[in-house]
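Undergrad: What follows is each chain in one-letter form.
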Amino acid sequence: MKRVVYISGSIVVSVVLIALFVYLTEGKHIPVLQPTGEVAEAQRNLFIFTASLSALVVLPVFALLAYISITFREGNTKAAYRPDWSGNTLLEAIWWGIPILIIGVLAVVTYQTSHSLDPYKELEGGKPVEVQVVALRWKWLFIYPEHHVATLNQAYIPNERPVRFTMTANAPMSAFWIPSLGSQVYAMNGMHSQLNLKGKQAGTYTGYTTNINGEGYAKMTFETNVVDQAKFNAWVDEARQSPNTMDRSMYEQLSQPKSITDKQTYRLADDQLFAIISSTFSHSHSSNGGH
Amino acid sequence: MNEFIQFILGRLSIEYFPKDPVTLGAAIGMPLTVLGLVGLITYLKRWNWLWSNWLTSVDAKKIGIMYIIVAIIMLLRGVADAGMLRLQTALAANGAAGPFSTDTFQQVFTAHGTIMIFFVAMGLAFGIINCVMPLMIGARDMAFPLLNAVSFWLFAAGMVLVNMSLVFGGFSNGGWLGYPPLTGLEYNPGPGVDYWIWSLQVAGIGSLLTGINFVTTILKNRAPGMTLMKMPIFPWSVLVMSVLIMLAFPILTVTLALLGLDRTMGMHFFTSDAGGNPMMYINLIWAWGHPEVYILVLPAFGIFSEIVATYSKKVLFGYKTMVWALLAIMFLSFIVWQHHFFTMGAGANVNAFFGIMTMVIAVPTGVKIFNWLFTMYGGRIAFKAPMIWFLAFVVTFTIGGVTGVMMAVPALDFQVHNTMFLVAHFHNVIIGGVVFGFFAGMMHWFPKIFGFRLHDGLGKLSALFWLIGFILAFIPLYILGLMGAVRRIDSYSDPTWQPLFITSGIGVLFIAGGIGLFVLQLAYSIWKRKQLRDETGDPWDGRTLEWSVPSPAPHYNFAVQPVVAERDEWWRRKQQGRTHVERSEYVDIWLPKNSPVGLVIGVLAGLFGFSIIWHLWWLMAICIVAIIIVVIRRTLIDDNEHHISANELFHEAAKASR
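Keeping their order, the protein sequence lines are chains L and C.
This note's numbering puts the first residue of the first sequence at 71, with every later residue one more than the last.
This note's numbering puts the first residue of the second sequence at 961, with every later residue one more than the last.
Treat each hint with caution, since some may be false.
Unchecked claim - With beta-carbon atoms standing in for the labels, derived distance ranges:
1) 84(L) - 1059(C): 43 to 49 Å
2) 342(L) - 1149(C): 30 to 36 Å
3) 1480(C) - 74(L): 46 to 52 Å
Unchecked claim - To spell it out: a stretch of chain L is covered by chain C in this simulated footprint if at least three of its residues, at any positions, have a beta carbon under 8 Å from a beta carbon of chain C; those stretches are:
4) 87-100
5) 118-126
6) 175-187
7) 253-259
8) 269-281
It should be emphasised that the hints constitute simulated quantities derived from the structure, not laboratory data.
The model shown is predicted, which means the values in this text are computed figures rather than measured ones.
Think of the CB as a built atom: it goes at the ideal place given N, C-alpha and C, for glycine as much as any other residue.
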């Protein structure tokens, strides 16, 4: 009787929990699993691959746990009782061996994807669009050195074209992440780090800092607008006519510790701005050893 | 004159009193609670009892109990903190204001992480080990009993510093590992980060001394006949954990000291400018931080190994494999630290190396799980409360292990690092692994320490609440991470996240319910202690030496020094009917006398931390000199042991067995 209560109880609880999570995720946008960028797509596939591979070990463990718990419960005197059974070389070889095989497969994939999805690696599809990113307390400054424009809290990138973000900061360590497009990289004072991305579908995607950098951290988000090349060109032309100018005095204003969530577009008046910002801190070196 | 006042008061100032109502409430409530306790002890005239039985005790079991009491009180605070965090995120969606200011929120999550790791998980680990490890290896005490007391009081002093920040000055807002430059002077000049540094520094020294003590005890104080390969698995896990402590904690001490020098002396180890390098800090803190994860989880593995064998009434499956798995984890845990910051821009080969090393750890860990399962196979499993914790552990820890392996793939980590997915993962392994293990251990060994069992049903119910709460609290966080929710946010603009955050908050309530049931279990069992009394000393049909002595275990542990021939010594003796000890086997013993040195050093170390936080240099100098004097004075005392005759031991043993 007690057992019936236990079993039916746990089935009810499981069903309720599963129903709850189906309800909670129903129709919601999950950018990491529904990506719109080339890098993020590869990462979504990697996510599904590793999860499935792990399931190969986990599901047998759960099944074994249930089977053994039920069969060898104290009340079941029919099951064989072997109090001195202390080991079995073959069995132990199996459960050293299978995980080693699985991890072996995963290690190969890890090595390959560490290279193929290296944030520093340029993506195929022609010369990348250069975007310089500065994490400030607490707002994101984007500089387009080739197009001579700059933006605040919003980025425009052409669809289906590789983009190279080069990051620095004038703030506690921050991180640059657009989940729909893929990969995050830290942005640090006096250093440059890099992230190569490519949009595959026009749209507007939110970007975040994933590393806490003080009071305005949670509100320090930005919009990434992936637009067709023609629209991008039109946007650049319009931005160049902007009455707002990005120069050193404007930068000085923005670098004050204050949360700003408004979006702005500027004409870039100082081509050296990014270089000056990243050399604010007297030692300037690249953040990576391998590149 | 002004200079003199500044010299005396340092940077103490009225402006550091809390202003917002939440912290003000805590700031007033906490001293009142302490005052109330002091009043109560005075009213009950218990000061003498407290002083001679507890505050000056060097008995490992009593020190262990004090660790556990502190850890459980801190668990209540840590869960209250978690409740505040999830209350804020349940409400602060889409422009709505939450109940707490950003600064309060950031202090709360920093305190939550710091307290849960250093003062709950470490406290429970040290507490349980102190209570049972010497018993399991047939030792009367730790190798250095007084040093053990010093360790505990340093731990307590660190705990007091963390909580003092609530009353005066505020805590760090830089996260539990306090990455500079956010925690550097430039961005964070107030006393909060200093509270964080010096509470960890004081407690960390205590942990290091404990590690040394455990290693020495296990290597030197084992019962005659107990070779290392005849030692039960729990002491094995403690040995490996302690080696990790000895290797890792000095890194923490140095890292925090360098950050402290940056902050108090204006140096430039980790600043953005003048040649400092914050990336060095991040490497160093994780060179300690990753082994720390195994410092916490290995003793829990050890506990489960004992529990599964005991309640399955069967010898542990694959003992040698278990030992080798422990040693493999010990070695590997030192070469994975970079996986905490794949996103800092290291090259693909560096990332791949650390990623693969991380996955390799999953192999010995997985092997342990299979060995536990096959310990149960062919057994007669009694599903008492500790086994329910074990089942909950296997389910949650395995899921946590899977997400861990996933995040070990650098290219995948780039999409989930520092998001709620990561938060869910490490709670998955730390709650599922560490907390469930320690609760199982407490319920298993409680009768040995206190002489009566804990109510079994309430223990099972507590485990069930923890498990349901755990699922409700953390599965939504996994999903939120994939939706783009980053960690440590106090507000968000996407309204579709809110139902998941609310579900997570409900999960915290269930967990709080689980803790409430545990407290109820304690209270109810104390009330019904006569019915729950353990007359035999061996309520679970145990396998190892701690069950060979009466419950509660006498302060000298063993009236007669046991001699060991087998791995499961007590089980074999019972099978062969060799449980009786002859009068002729009793001999006189000498035990260490109580000493206030531990308490005094703890108080002085706490004051030392306080004086650095507030720049009271004169007080700091006094504390250092005083500690040196106390230590020298102690070394001059020769008469520090007391004697118990064979006759007394025999009569006490006879009384206990009646």
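Undergrad: Please name the hints from earlier in the document that this structure breaks, with their numbers sorted from lowest to highest.
TA: Numbers 1, 3 - these are the hints that the structure violates, sorted from lowest upward.
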